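Chains as they are written, first to last, in the numbering used here: chain A, 25 to 287; chain B, 25 to 287; chain C, 25 to 287; chain D, 25 to 287; chain E, 25 to 287.
Rather than coming from a laboratory, the hints here were simulated on the basis of the structure. Incorrect hints may appear among the rest.
Same chains, same names: a pair is fine if it fits in one copy or spans any two.
[Unchecked claim] With a Cα cut of at most 30 Å, we get these calculated DSS-like pairs of lysine-lysine:
{"id": "1", "residue 1": "K106", "residue 2": "K239"}
{"id": "2", "residue 1": "K27", "residue 2": "K239"}
{"id": "3", "residue 1": "K106", "residue 2": "K154"}
{"id": "4", "residue 1": "K27", "residue 2": "K149"}
{"id": "5", "residue 1": "K154", "residue 2": "K87"}
{"id": "6", "residue 1": "K106", "residue 2": "K231"}
{"id": "7", "residue 1": "K27", "residue 2": "K262"}
{"id": "8", "residue 1": "K87", "residue 2": "K106"}
{"id": "9", "residue 1": "K87", "residue 2": "K262"}
{"id": "10", "residue 1": "K262", "residue 2": "K80"}
{"id": "11", "residue 1": "K27", "residue 2": "K106"}
{"id": "12", "residue 1": "K27", "residue 2": "K87"}
{"id": "13", "residue 1": "K239", "residue 2": "K149"}
{"id": "14", "residue 1": "K239", "residue 2": "K262"}
In this text, all values refer to a predicted model and were calculated from it rather than measured experimentally.
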Amino acid sequence: MEKSTPIGLIAGMGMIYGAIFMGQGWQTFFDVPSIVLVLGGTVCALLVGFSMNEIKQVLPGLKAFFSFSTPDLANYVEDFSKLSRTARREGLLALDRSIAELEDEFMSFGLQMAVDGIEEEAIAKLMNHKIREDLRQRNFIARFFTMAGTYCPAFGMLGTLIGLIQMLQNLTDPSQIGAGMAMALITTFYGALFANLIFLPMADKMKTQVGEVLKMHEMIQAGVMSIVQGDGPSMIEKRLRLYLGNTTGDDDTGEEPELAKAA
Amino acid sequence: MEKSTPIGLIAGMGMIYGAIFMGQGWQTFFDVPSIVLVLGGTVCALLVGFSMNEIKQVLPGLKAFFSFSTPDLANYVEDFSKLSRTARREGLLALDRSIAELEDEFMSFGLQMAVDGIEEEAIAKLMNHKIREDLRQRNFIARFFTMAGTYCPAFGMLGTLIGLIQMLQNLTDPSQIGAGMAMALITTFYGALFANLIFLPMADKMKTQVGEVLKMHEMIQAGVMSIVQGDGPSMIEKRLRLYLGNTTGDDDTGEEPELAKAA
Amino acid sequence: MEKSTPIGLIAGMGMIYGAIFMGQGWQTFFDVPSIVLVLGGTVCALLVGFSMNEIKQVLPGLKAFFSFSTPDLANYVEDFSKLSRTARREGLLALDRSIAELEDEFMSFGLQMAVDGIEEEAIAKLMNHKIREDLRQRNFIARFFTMAGTYCPAFGMLGTLIGLIQMLQNLTDPSQIGAGMAMALITTFYGALFANLIFLPMADKMKTQVGEVLKMHEMIQAGVMSIVQGDGPSMIEKRLRLYLGNTTGDDDTGEEPELAKAA
Amino acid sequence: MEKSTPIGLIAGMGMIYGAIFMGQGWQTFFDVPSIVLVLGGTVCALLVGFSMNEIKQVLPGLKAFFSFSTPDLANYVEDFSKLSRTARREGLLALDRSIAELEDEFMSFGLQMAVDGIEEEAIAKLMNHKIREDLRQRNFIARFFTMAGTYCPAFGMLGTLIGLIQMLQNLTDPSQIGAGMAMALITTFYGALFANLIFLPMADKMKTQVGEVLKMHEMIQAGVMSIVQGDGPSMIEKRLRLYLGNTTGDDDTGEEPELAKAA
Amino acid sequence: MEKSTPIGLIAGMGMIYGAIFMGQGWQTFFDVPSIVLVLGGTVCALLVGFSMNEIKQVLPGLKAFFSFSTPDLANYVEDFSKLSRTARREGLLALDRSIAELEDEFMSFGLQMAVDGIEEEAIAKLMNHKIREDLRQRNFIARFFTMAGTYCPAFGMLGTLIGLIQMLQNLTDPSQIGAGMAMALITTFYGALFANLIFLPMADKMKTQVGEVLKMHEMIQAGVMSIVQGDGPSMIEKRLRLYLGNTTGDDDTGEEPELAKAA
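Here chain A stands alone, though its shape is the one from the complex (with noise of 0.2 Å):
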């Protein structure tokens, strides 16, 4: 599970409520029915927004989202630098045995159909739809965490419209007008809060974890379609090690030209 995501979480949330247990009136930063008006109004506009059909794929969604880890992508030039190896000395057929072995359901999908005997462009475009087909589920997450973020704002705003408009026809009592003021501004408050600190980094990490799953995915499509190519070991391991590129760190010193060459 990746860990930045609950830690981030949980430090700023202490972090904010921290500075509201230093000041005064703490009290009225839990205030349930506000809560409830805030993602209340958010869950109905995203209710209005998307189909039963996609809402039912939010909970899946999420857990596939907790349980992503980043890809060892290392591991895949080892793999496929074997298989080519296989490949070269006992034929496209003889890895049918080591397909099984395959932990990568992507990886199988695209040997398999090698092994099959469907042609090279077949492959190529076959792959390329199972991409896209992957990375619509995840797209979908990254969207509704989008237009949650979007809409949870605007009830905050809406919340603080109707507690503003009811404090404004009760100024008889001008020693209300204070706390009214405050209670009408909470919901912008768990508006901001929501949106900045969950829906929106939610929203981001979900894009970082669909950029890293299609880069994955590329280099698999790349293995497999040069072992379907006939490729050696080296040059599989050559074009495969360039999606490590910037792990290494080897690759920064082709990009300061003149340090180097003042040297």
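Position chains B, C, D and E relative to chain A; hints supplied.
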């Protein structure tokens, strides 16, 4: 009919007006002139911004919007597999009978061309073209609601400005200031409510429907092209099942290679 | 002339000023210096941002804007079907006479090239080019109004800032505060009114017109290319009818497969 | 030099300060420290955001910006028609003399390659490349002004925040509140004024110039490629006249088919 | 190291705090808890929104950000011209020695493949791939700063909301209202300051660097491909000089055809 939209609309309105009834002065929140100003202004801006031709499409578009239900894509896999078996056994011309029984207008449009002997490329082009034209109306409705959701808060703010300016000119009676500002803010409240609970979420839903119709049409196109190219039933099923991907849930296993490896 | 635009403008202005007359102090809402400041500032910003060459195109562009009416695409299907029969019977050169009778300048531009024996690819390219150049002016008008709708509220806010700053310096007479703020807010009112009822909706309308002209030109191009390629009248009709799609309403049946299946 | 920019700037400033002089307390609106804060902050943000290399290009870019005048495209049609006649009569090499007399650097760049016998595809590619590089500087200036127009109101707001916070700490003398708030708002006024009258419109103008230069270069490229391909003078004129389209006004007739038909 | 960034940061901070020191109550503007709240909240939102894997790249990315200096492209023209002469005289294999002496890692990556006899298309593809992977890290840093600049003002506003709500509940002592509001506004001040002077401009700078690295890599790729294709030194120089275009200034003459013609 898609149930989540009316559920969201009713629950949202109920929640907002529930919050209002819990406070004082709920009469203020039923102000017909304010509603007329906000919605009327929005309608006028939309009249300026769209052509009569387009505005006539709004009502039928709304009907299609509410009567839409997510297509069951799994049925299509079966249909195409059956059609492909017929085409292989008895030739493309034998599909003529089956087409008459098809309920999907887009599917029969494509297959009819195949039976008529129109060449592959032309079929693909005309189907692409038909997909684009079919989406034009739905996209227009989405754009219409997006514009409504954009102008609605603007006219809410205009109403508030009018109320504020009128109130500010009559500050002689301080006891009226609160009531005046409350009245002025009501249009902002309506503008934000209509935009965020109705117009913008309905534009979202329309975009969702566009996505689902597009996916269905792409699947049908892939099926028709497969039959034209003479692919076997198993290949067609393989290709079309990709469109169902995210409902089986099996595809997700491939996305946690680390976890799987640890097992 | 497109009727919805003047209807929307007049109804919108009537509604807003109706609401104003129902309240007190409607004189405030007819403040010529404020209108001059808001519109004048907007015009100056547009002068800075566009070239003389472009500004000269605004008036003719506005004339075209108001005289535009949605083309009746069905006529073109008939025209092309007739032309195709002539071309098949008597050869492409026989179209020369028919071209003289065509009212549509773009259609005769394309067909003349066909008669002149220019090759297929060059005709497609030159027609594409002409479409792009024809849309340039309309797109410019759309961009011009969008910019007007962006600068207008900004100068409204500037006017309010000036009014506020002047008022705040003379707080000695509290009875004048309200009137001063009311005056200051008038420019914001004008900025929001002009932008949301006039400039931005007119930019929307221009984009609508661009879409309709583009669709018509694409249809004409498809028709000309079909004739050049020697397609038969029935094939041309089939192809061109796709552009009329959403007016017949028949196409919608294909989008509710579940409903149809249940029947 | 393009006259509309200085006219707009001077008229806009005159109008705004005219409105200010008509009211009281115009001295407040000439506050040098506030101008320094707003413009200085903007300059600092731009220094952080651009490289020294780019900042050095701002002054020459500004010079080009003001010395730019819309190219007269009709001249190019004539030039190319003449060149094409020469090329047809005496061969491509005969253009060598004419190139020396060309004032347009991009035109001679392209034709020189044609005379040097570089092949068609390479000429097209190098001309494309040169267009892209030529536009890079202008696009940079547009982006520079857009950023200036974004940061400027932000620093105006920062200045107002500083003024507000300082004033709020000294509420002991109520007679000073108004003057304090007036002073605080001055930076917001400057930020909005500079952004909406100067920076953002100048970014618009730069984009307009980019469009005009691009159109001119595309026309020259089309002309050069036509000569290389050996097209006749009439074909070249036909092709290049398309670029002049919207100045003749004749093209508009084709856009009102209904009107024309009624006649 | 790029000097404009630290100059802008220091001058900007100096200017803002200079303005503060000129007024009263500068102590308010050094409020550590407010800074902690704004920056801490931003960091938490970024933790939620990015993966651990990405967050680990921020520090090395920052180092690269500050150590970056605009590459001197003119050197590459010379290098490639020399390499091309060697390749022509002694064959591609003779470049092997020269590669060892190259300081640019990307250049040797490409040339090594040429020496190894990998075919043209594969070299182009792998170089494209490497460019994309190299830019991924820089683009990530740009996106990271953009997000920081987005969340920072949001948490500033949250802090102000907390302060306002707490103050409004204690309106009993009117003399404290000003100080309370001043304190509440400080977080908004920090949010706007950090976003507009630090985070957003640094995201701009990173995008500038991405553009410069991309241009350099495209130039190197063009050079390598030219050598592989066996182009002569003069052709290579012609092609690569295009990348230097806007530094010589000569290219600008072509953009004022009217002026030139008048001369």
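Okay, the hints, checked on the actual structure:
1. K106 - K239: within (21 Å within a copy, 37 Å between copies)
2. K27 - K239: within (21 Å within a copy, 35 Å between copies)
3. K106 - K154: both (24 Å within a copy, 23 Å between copies)
4. K27 - K149: Classified as neither: same-chain Cα gap 36 Å, cross-chain 36 Å, threshold 30 Å.
5. K154 - K87: within (21 Å within a copy, 34 Å between copies)
6. K106 - K231: neither (32 Å within a copy, 39 Å between copies)
7. K27 - K262: neither (32 Å within a copy, 37 Å between copies)
8. K87 - K106: neither (33 Å within a copy, 37 Å between copies)
9. K87 - K262: So K87 and K262 pass the 30 Å test across copies only (28 Å; inside, 36 Å).
10. K262 - K80: Between copies only: 25 Å across, 43 Å inside.
11. K27 - K106: Result: close neither inside a copy nor across copies, 32 Å intra and 49 Å inter.
12. K27 - K87: both (14 Å within a copy, 25 Å between copies)
13. K239 - K149: both (17 Å within a copy, 16 Å between copies)
14. K239 - K262: both (16 Å within a copy, 24 Å between copies)
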